[in-house]
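There are 2 protein chains.
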Amino acid sequence: MSDFSLQLTDAAKKIENEFDSAVKCHSDSYLSLREAMLYSLKIGGKRIRPIMLLEFFKLCGGNDNAAINFAVALEMIHTYSLIHDDLPCMDDDDFRRGKPACHKAFGEANAVLAGDALLTEAFGFAAKTQGVKPENIVKAIGVLSKFSGVNGMIGGQIIDIAIEGKKVDADVLKEMYLLKTGALIKAAAKIGCILADREDLSVHAEKFAENIGLAFQIVDDILDVCGDEATLGKPVNSDAKNEKNTFAVLFGVEKCKTIVNELTNSAIDELKYFNADTTFLTELALYLAGRKF
Amino acid sequence: MSDFSLQLTDAAKKIENEFDSAVKCHSDSYLSLREAMLYSLKIGGKRIRPIMLLEFFKLCGGNDNAAINFAVALEMIHTYSLIHDDLPCMDDDDFRRGKPACHKAFGEANAVLAGDALLTEAFGFAAKTQGVKPENIVKAIGVLSKFSGVNGMIGGQIIDIAIEGKKVDADVLKEMYLLKTGALIKAAAKIGCILADREDLSVHAEKFAENIGLAFQIVDDILDVCGDEATLGKPVNSDAKNEKNTFAVLFGVEKCKTIVNELTNSAIDELKYFNADTTFLTELALYLAGRKF
Numbered sequence: 001m002s003d004f005s006l007q008l009t010d011a012a013k014k015i016e017n018e019f020d021s022a023v024k025c026h027s028d029s030y031l032s033l034r035e036a037m038l039y040s041l042k043i044g045g046k047r048i049r050p051i052m053l054l055e056f057f058k059l060c061g062g063n064d065n066a067a068i069n070f071a072v073a074l075e076m077i078h079t080y081s082l083i084h085d086d087l088p089c090m091d092d093d094d095f096r097r098g099k100p101a102c103h104k105a106f107g108e109a110n111a112v113l114a115g116d117a118l119l120t121e122a123f124g125f126a127a128k129t130q131g132v133k134p135e136n137i138v139k140a141i142g143v144l145s146k147f148s149g150v151n152g153m154i155g156g157q158i159i160d161i162a163i164e165g166k167k168v169d170a171d172v173l174k175e176m177y178l179l180k181t182g183a184l185i186k187a188a189a190k191i192g193c194i195l196a197d198r199e200d201l202s203v204h205a206e207k208f209a210e211n212i213g214l215a216f217q218i219v220d221d222i223l224d225v226c227g228d229e230a231t232l233g234k235p236v237n238s239d240a241k242n243e244k245n246t247f248a249v250l251f252g253v254e255k256c257k258t259i260v261n262e263l264t265n266s267a268i269d270e271l272k273y274f275n276a277d278t279t280f281l282t283e284l285a286l287y288l289a290g291r292k293f
Numbered sequence: 294m295s296d297f298s299l300q301l302t303d304a305a306k307k308i309e310n311e312f313d314s315a316v317k318c319h320s321d322s323y324l325s326l327r328e329a330m331l332y333s334l335k336i337g338g339k340r341i342r343p344i345m346l347l348e349f350f351k352l353c354g355g356n357d358n359a360a361i362n363f364a365v366a367l368e369m370i371h372t373y374s375l376i377h378d379d380l381p382c383m384d385d386d387d388f389r390r391g392k393p394a395c396h397k398a399f400g401e402a403n404a405v406l407a408g409d410a411l412l413t414e415a416f417g418f419a420a421k422t423q424g425v426k427p428e429n430i431v432k433a434i435g436v437l438s439k440f441s442g443v444n445g446m447i448g449g450q451i452i453d454i455a456i457e458g459k460k461v462d463a464d465v466l467k468e469m470y471l472l473k474t475g476a477l478i479k480a481a482a483k484i485g486c487i488l489a490d491r492e493d494l495s496v497h498a499e500k501f502a503e504n505i506g507l508a509f510q511i512v513d514d515i516l517d518v519c520g521d522e523a524t525l526g527k528p529v530n531s532d533a534k535n536e537k538n539t540f541a542v543l544f545g546v547e548k549c550k551t552i553v554n555e556l557t558n559s560a561i562d563e564l565k566y567f568n569a570d571t572t573f574l575t576e577l578a579l580y581l582a583g584r585k586f
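So the protein lines, in turn, are chains Y and G.
Per my numbering, the first sequence runs over residues 1 to 293.
Per my numbering, the second sequence runs over residues 294 to 586.
Simulated from the structure, these hints should not be mistaken for lab results.
There's no promise every hint is true.
Said to hold, decoys possible - Straight line, CA to CA, 30 Å or less: simulated BS3-like cross-link-like pairs of lysine-lysine:
id, chain 1, residue 1, chain 2, residue 2
1, Y, K207, Y, K241
2, G, K432, Y, K139
3, G, K421, Y, K139
4, G, K467, G, K537
5, Y, K42, Y, K139
6, G, K467, G, K565
7, Y, K166, G, K500
8, Y, K42, G, K432
9, G, K351, G, K397
10, G, K397, Y, K207
11, G, K432, Y, K13
12, Y, K257, Y, K104
13, Y, K24, G, K421
14, Y, K104, Y, K241
15, G, K317, G, K306
16, G, K432, Y, K104
17, Y, K128, Y, K255
18, Y, K58, Y, K133
19, G, K351, G, K460
20, G, K460, Y, K24
21, Y, K174, G, K317
22, G, K307, G, K397
23, G, K421, G, K306
24, G, K426, Y, K133
25, Y, K24, G, K500
26, G, K351, Y, K139
27, Y, K128, G, K500
28, Y, K128, G, K306
29, Y, K133, G, K339
30, G, K351, G, K307
31, G, K351, G, K306
32, G, K317, Y, K139
Claimed, not checked - Listed below are several chain Y residues computed to face chain G (Cβ distance under 7 Å; list not exhaustive):
id, residue
33, V112
34, T120
35, A127
36, I137
From the three backbone atoms N, C-alpha and C, an ideal C-beta is built for every residue, glycine too.
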């Protein structure tokens, strides 16, 4: 493995090591709830959001392990959103990362409640942060809520449901991407700066995050056209066939590749404002932009 | 109306006046989400939890309107829990307070997301609290999460689902009541003290809340046996017929009335530790214990 891959794996492990202590259960009567929560937390993923939060915290001069609770909280929120997205009344997906979705493994009622509990406990775990000024904890909790809420991730999910089966223009699609997946990535970057008491830098962190978040999503659209079936886990070109709204369907693959490159370069350009080693974040941006095409 | 009834109505209005500003929506693209959230917030209710929070805050010497955001947040969390409880995969209730449940009015996917959004925004609204020490805001957010989470309301809901159709003893039933409805009532009392910087008094506030929360629940059980059908909105004695676990089914009505009186007296007894006018909370305890039997 390359240095970057090793760093990425190590950083992910650091987050995953916290899951058990983030979800405590005081009675055997509802132990099954904890089981469902941990099942979904541990089902896999690159842990990009928490890794980015910790990295911006470090870049901004943050000390030691003080941001770890917020990093884990972010992954808990990401995980709850996937559990609820998979529900029969939402995307109705039976599988998540090749394993049974939470509602297939634990039943629908437990999946709704496991999602609710992950979201609820995320804020509690974040509030247990040590070694950060209380006013910055309050500010960061506000950001966590804002970017996961009505005007963030959930708003994006509502748009996604509303445009299903309808032809929309690039502006609507971009708004959906920026909210549905982009908002939590932006929250990661912004919270990292706030916890390190460098909110003044968060505008650059947010621009970085917004650009790589959007690039990441467009790469996903490109992969649907150019990827191979085995990697995708679904037939090639299924988006176009299903009349799904994607950048690739709207603009074609070549134009999309250009957009991804521009977004990635703009993202990396924002890192110059940080007076520290930004190699890891630069490689992360290139990695997210370059997934196999 | 009595003085107490007037006070109760005024206090409820104070909370309800904040709902519109607690749920802001920045784009027309997901305005329907706000609509579903406000529909459920405004569907009615006595607003007991937020009223109790504000009252304990005042008793502890809290100033002005500083606790209002937490009070509203508590009602947002209570409301989300009702939306999710009513879902087809949970209690499958088509009506809530005589009106179509959120998922009947807005569809299931929107109801899941409206619940998620109320929960998410509750923490954000709480974090916007002004005029309270930041460390107390952090502490109160921790309490809000703890009492609504795994070891609070959601744990209680899991027990409720698990014991459906099974005979259980009073201990299990009590654990369920204390968590499912009791936890948020306790949170209200505790948070009121914390925000007023009087955490030292919260043990008494919590005991008050725990006792009246349990009494309130047992009164509900009694009403199922002794109430009239029109008030209940369901046939009398339906709990026993449905083999539902209730205190009334386990102990009989007379014993339950004794328990309610003991719990209410114990609750009121805790108020002596507060060096202020506790008339309103005393009347509230008697009111909750005395609902028509």
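Enumerated hints in conflict with the structure, sorted upward: 1, 7, 9, 10, 12, 16, 17, 19, 28, 29
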